[in-house]
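K.L.:
What follows is each chain in one-letter form.
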Amino acid sequence: MSEEGSVSRWLGPLQDGNSTAAQQLWERCFLDLVQLARKLMRQTPRAAADEEDVALSAFDSFCRNAEAGRFPQLHDRDDLWRVLAVITARKASHLRRDEARQKRGGAASPVQDQTALLEQAFSREPSPELAAQMTEDYERLLTQLDDEQLRQVAVWRMEGYTVDEIASRIGCVPRSVKRKLQLIRSLWESEDDS
Amino acid sequence: MSASDLPALPPALARRLDQACNDFESDWQQGQGSPCLHDFLPDAADELYRPLLHELIVLDILYRRRAGECPKADDYQARFPALETGWLAEVLGDADLRWREEPSTDTIAQVATLAPGRPSGPLPNFGDY
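Same order as they appear, the protein sequences are chains C and H.
If you use this note's numbering, the first sequence corresponds to residues 1 to 194, in order.
If you use this note's numbering, the second sequence corresponds to residues 1 to 129, in order.
For reference, chain C alone in the conformation it holds in the complex (with noise of 0.2 Å):
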């Protein structure tokens, strides 16, 4: 089977509560997540376990929404991708600010409260630190590519427009788009891996 199906067969388990499902999906999305959270962590060193904490307490916020039946159109690979990079991009968020105020003498943040949570991570509008690290890591990420409509497709994507959108816009068909985000995404991990 492979991993766009195998993702999408344990999403409908995991809204019904299937604890295996949960954690076939977890494997799969672990290394992403941890990945991800390093990239929204990198300004600031910490032990790798910080990185795994984001990733495992997203993960969590995910399956209790899930079950809860707060993502009625989580359907395939691309749906629970979407919904756990914006939600660890929170977390991560969270722990930056809660390390800034402890380091400044005050109190533990409390628990989040994951409908707040969710309510934020799904607002239009990044927080204003969260904004500053995603303008960080664009304008980092793109001086990654040394082609021009590679960087184009990059900017595109990153401004919202849709494969269908962006093959449209270049000329090509949308299989070709997808080409090329894919070779983005090669050239940006082996820059992360050098």
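No lab work stands behind these hints, which were simulated from the structure alone.
Careful: at least some of the hints might be erroneous.
Unchecked claim - Just so you have them, the derived chain C footprint on chain H, three or more residues with Cβ under 8 Å:
1) 3-12
2) 16-30
3) 72-83
Claimed, not checked - Okay, the calculated beta carbon distance ranges per label pair:
4) Glu139(C) <-> Asp46(H): 29 to 39 Å
5) Lys178(C) <-> Tyr49(H): 16 to 26 Å
6) Pro72(C) <-> Ala12(H): 41 to 51 Å
7) Glu189(C) <-> Gln19(H): 13 to 23 Å
8) Phe80(H) <-> Pro72(C): 42 to 52 Å
9) Lys178(C) <-> Ala67(H): 17 to 27 Å
10) His75(C) <-> Gly68(H): 26 to 36 Å
Think of the CB as a built atom: it goes at the ideal place given N, C-alpha and C, for glycine as much as any other residue.
Got chain C; can you put chain H on it based on the hints?
P.N.:
This is chain H only, laid out in the frame that chain C set:
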């Protein structure tokens, strides 16, 4: 992975594949019919040969369908006898490889695009919170 999934390649190979596909697609768009796939392929011993052959066939199917043709397995099997029959059948039957003109209407969560390694893109409305 399914037959029509894009191959995960190291950057150098992914670049070569993308360039060859760009050239192939450009030739298709000249409006002179299906380009010869052999013209875009490296030697069979090249590690790019198989993934590029697969991707060129996928593109060829898409463009031929766009042109109103109905590509068959024999069209490719005859030219590339070593081509995996099962792979070809799966690709030809893949509904995702139908030509689509209509744009999607979804929107995006930008943060989701910042994570290499996963498809990035639109964030639909996932419900009320």
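K.L.:
If a hint holds in the structure, say so; if it doesn't, say that too.
P.N.:
Results for each hint:
1. 3-12: holds (count 6)
2. 16-30: With 6 residues in contact (Cβ-Cβ under 8 Å with chain C), the coverage given for the segment 16-30 of chain H holds.
3. 72-83: It is violated, with 0 qualifying residues against the three required.
4. Glu139(C) <-> Asp46(H): 29 to 39 Å: At roughly 36 Å between Cβ atoms, Asp46(H) and Glu139(C) fall inside 29 to 39 Å, so the hint holds.
5. Lys178(C) <-> Tyr49(H): 16 to 26 Å: Taking Cβ atoms as reference, Lys178(C) and Tyr49(H) lie about 21 Å apart, which means the hint holds.
6. Pro72(C) <-> Ala12(H): 41 to 51 Å: holds, 42 Å
7. Glu189(C) <-> Gln19(H): 13 to 23 Å: holds, 19 Å
8. Phe80(H) <-> Pro72(C): 42 to 52 Å: holds, 44 Å
9. Lys178(C) <-> Ala67(H): 17 to 27 Å: Holds, at about 21 Å.
10. His75(C) <-> Gly68(H): 26 to 36 Å: holds, 31 Å
Going through the hint list in order, the structure does not satisfy hint 3, though it satisfies all others.
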